[in-house]
Amino acid sequence: MNDPVRPLPRTDEFDTQEFWAGTKEKEFRYQQCRNCDTVIFYARRHCTGCVDGDLEWKIASGRATLYTYSVVRQSYHPFFRNQVPYAVAWIDLEEGPRILSNVVGVSDPLKDIHIGMRLELEWEEHDALCIPLFRPSTESS
Amino acid sequence: MSQKRDAAIVGIHEYPSRDVEGEVSPLQIKAESAAIALADAGLTWSDVDAIYDAGEGGGMAGLTMAEYFGLSPRVINTTNVGGSSYEYHAAHASRDIKAGKARVALLTYGSTAHSNARAIGVGGRGGASMHPAENMDAYAGMTLIANYAMVAHRHMHEYGTTSEQLAEISVATRMHAMRNPEAVKAMEDLEFLDIRETTIADVVNSRMIADPLHLLECCMISDGGGAVVIAAPEVARNCKKPPVWILGSGEATKYPMNGGDITTSAAAQSGPLAFAEAGVTPAEIDVAMIYDSFSITVLALLEDLGFCPKGEGGRWVEGGRLRFDRPSDGPALNTDGGGLSSNHPGMRGIFLLLEATRQLRGESTAQVADAKLAIAHGNGGMLGSRHAAGTIILGSD
Ligand SMILES: [Zn+2]
Numbered sequence: 001m002n003d004p005v006r007p008l009p010r011t012d013e014f015d016t017q018e019f020w021a022g023t024k025e026k027e028f029r030y031q032q033c034r035n036c037d038t039v040i041f042y043a044r045r046h047c048t049g050c051v052d053g054d055l056e057w058k059i060a061s062g063r064a065t066l067y068t069y070s071v072v073r074q075s076y077h078p079f080f081r082n083q084v085p086y087a088v089a090w091i092d093l094e095e096g097p098r099i100l101s102n103v104v105g106v107s108d109p110l111k112d113i114h115i116g117m118r119l120e121l122e123w124e125e126h127d128a129l130c131i132p133l134f135r136p137s138t139e140s141s
Numbered sequence: 001m002s003q004k005r006d007a008a009i010v011g012i013h014e015y016p017s018r019d020v021e022g023e024v025s026p027l028q029i030k031a032e033s034a035a036i037a038l039a040d041a042g043l044t045w046s047d048v049d050a051i052y053d054a055g056e057g058g059g060m061a062g063l064t065m066a067e068y069f070g071l072s073p074r075v076i077n078t079t080n081v082g083g084s085s086y087e088y089h090a091a092h093a094s095r096d097i098k099a100g101k102a103r104v105a106l107l108t109y110g111s112t113a114h115s116n117a118r119a120i121g122v123g124g125r126g127g128a129s130m131h132p133a134e135n136m137d138a139y140a141g142m143t144l145i146a147n148y149a150m151v152a153h154r155h156m157h158e159y160g161t162t163s164e165q166l167a168e169i170s171v172a173t174r175m176h177a178m179r180n181p182e183a184v185k186a187m188e189d190l191e192f193l194d195i196r197e198t199t200i201a202d203v204v205n206s207r208m209i210a211d212p213l214h215l216l217e218c219c220m221i222s223d224g225g226g227a228v229v230i231a232a233p234e235v236a237r238n239c240k241k242p243p244v245w246i247l248g249s250g251e252a253t254k255y256p257m258n259g260g261d262i263t264t265s266a267a268a269q270s271g272p273l274a275f276a277e278a279g280v281t282p283a284e285i286d287v288a289m290i291y292d293s294f295s296i297t298v299l300a301l302l303e304d305l306g307f308c309p310k311g312e313g314g315r316w317v318e319g320g321r322l323r324f325d326r327p328s329d330g331p332a333l334n335t336d337g338g339g340l341s342s343n344h345p346g347m348r349g350i351f352l353l354l355e356a357t358r359q360l361r362g363e364s365t366a367q368v369a370d371a372k373l374a375i376a377h378g379n380g381g382m383l384g385s386r387h388a389a390g391t392i393i394l395g396s397d
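Protein chains in written order, with this note's numbering: chain A, 1 to 141; chain B, 1 to 397.
Bear in mind the hints are in silico, worked out from the structure with no lab data behind them. All C-beta atoms, glycine included, are put in the ideal place defined by N, C-alpha and C. One should not assume that every hint holds.
Partial list, computed: chain A residues near chain B (C-beta under 8 Å) [said to hold, decoys possible]:
{"id": "1", "residue": "4"}
{"id": "2", "residue": "7"}
{"id": "3", "residue": "16"}
{"id": "4", "residue": "35"}
{"id": "5", "residue": "36"}
{"id": "6", "residue": "47"}
{"id": "7", "residue": "49"}
{"id": "8", "residue": "70"}
{"id": "9", "residue": "71"}
{"id": "10", "residue": "75"}
{"id": "11", "residue": "90"}
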């Protein structure tokens, strides 16, 4: 039997397929409206800020800040039950998008993670795409 | 100020069992609860001309439930916004009755979540999906509890809220549950380890499920259901029990927004709408039935509904303020024992209406002396990401 794997997104979902296609190139793609400057994330075909939107794709730097998090101690999911304790977090990209992801690359998620900490993007490679995860920033602030 | 008297809750029933051992279906729970609620009002099936249903019994809910009940309603409403659906149903029934479209409205709920062994709190959150939001979220392994825990963490970070303060909500709710024989039976049937009043230390020393939320800050997963009958004033005046008037309502949604404030919920919109329509203020409320999926849910919602300023909820709930026997301190919280200690089969919103009605009739097992005004606030979906809020203000004559 194969080891259980992380649930992976569909690459054919109408709105988010461009984002997931970008991950294969290790690009964090998001949209911004040329007309009203609204940042759109998750991706959509329409602008949520104006009705004559003109969306363009941009690439985020990967620099981010931890908005909030929880360390999961108990999960019944076949993959995640073996990952506990792990950190789920809302993470704010420098350019504006807020994404739900995991904080990785810490020796003890119960001690080494705190709200407001600087993070950077790390890609977890899979066959059809990469998963965006976040680790503590190595840049000096 | 003259309050609206457009529609009233006239009949209620809470299905007593929280563990049907797989021997009763959700549809049967809905129908049995409906019949008893109608009898409670002194009405019968043929009086019902409007049904409101969240669809938990299956697809095409308006059609299938009309047939199952054997009714021919002239108003059918199948709003589903998760656990807050029943506050929406009460609001829409009130509106439909005022408009003359309906005279007697029936709301029902039935669930066998416990018998089905649904790991609601710690299961995986779906999977990859053709819905874009789910297709973005599934990979992160967020459990339901972790979703709410992220709100608690941010609340602690911004306002200095402590686990001890959050525990006040669990302690008050359990105290109320111990006075409610159905809640005690529920905890026995669901094999709670220690069925007694709790202390703050008990709560903060219970097992951490998703930081910073402990086991005793999480709701149970039960079977259950119930029914509410709402009627026009001319019907309500002739029912068996005193009417409980729907004075105001509010609705709202909230979802992740880039740069948004996760500690403020949709209640910040729905609450003021409901209070304004009812012409009352939070300070006048005797009983607060607030959706207690988790301790943090109640804390954030109390703030958003205006019982205290945003960020001060932790200090506000200290010292047992939410107990039923401290009416001078503000409203009593979840006097049936709440989702934490009495009943949570997945969508708890109907029970908020049921216990608020019992309080305003003087029928609660943790009766607030001379209760005149109650709030029922449902939160559907997930507080830490996307959720819907439904607020109802209720008053006795
Ligand atoms: Zn725009």
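These are the hints, each one checked on the structure:
Given hint, residue 4/A at the interface with chain B, is violated; its Cβ is 10 Å from that chain's nearest Cβ, farther than 8 Å. At a threshold of 8 Å, the smallest CB-CB gap from residue 7/A to chain B is about 5 Å, leaving the interface hint in force. Checking residue 16/A against chain B: minimum C-beta separation of about 5 Å stays under 8 Å; hint holds. Hint on residue 35/A is violated. Least Cβ distance to chain B is approximately 17 Å, over the 8 Å limit.
Look at residue 36/A: its Cβ only gets to about 14 Å from chain B, farther than 8 Å, so that hint breaks. Given hint, residue 47/A at the interface with chain B, is violated; its Cβ is 13 Å from that chain's nearest Cβ, farther than 8 Å. About 11 Å separates the beta-carbon of residue 49/A from the nearest beta-carbon of chain B, more than 8 Å, and the hint is not met. For residue 70/A, the suggested interface contact is upheld, since its CB lies about 4 Å from the closest CB of chain B, less than 8 Å.
Nearest Cβ of chain B to the Cβ of residue 71/A: about 4 Å, under the 8 Å cut. The hint holds. Because the beta carbon of residue 75/A sits about 5 Å from the nearest beta carbon in chain B, less than 8 Å, this interface hint is met. For residue 90/A, the suggested interface contact is upheld, since its CB lies about 6 Å from the closest CB of chain B, less than 8 Å.
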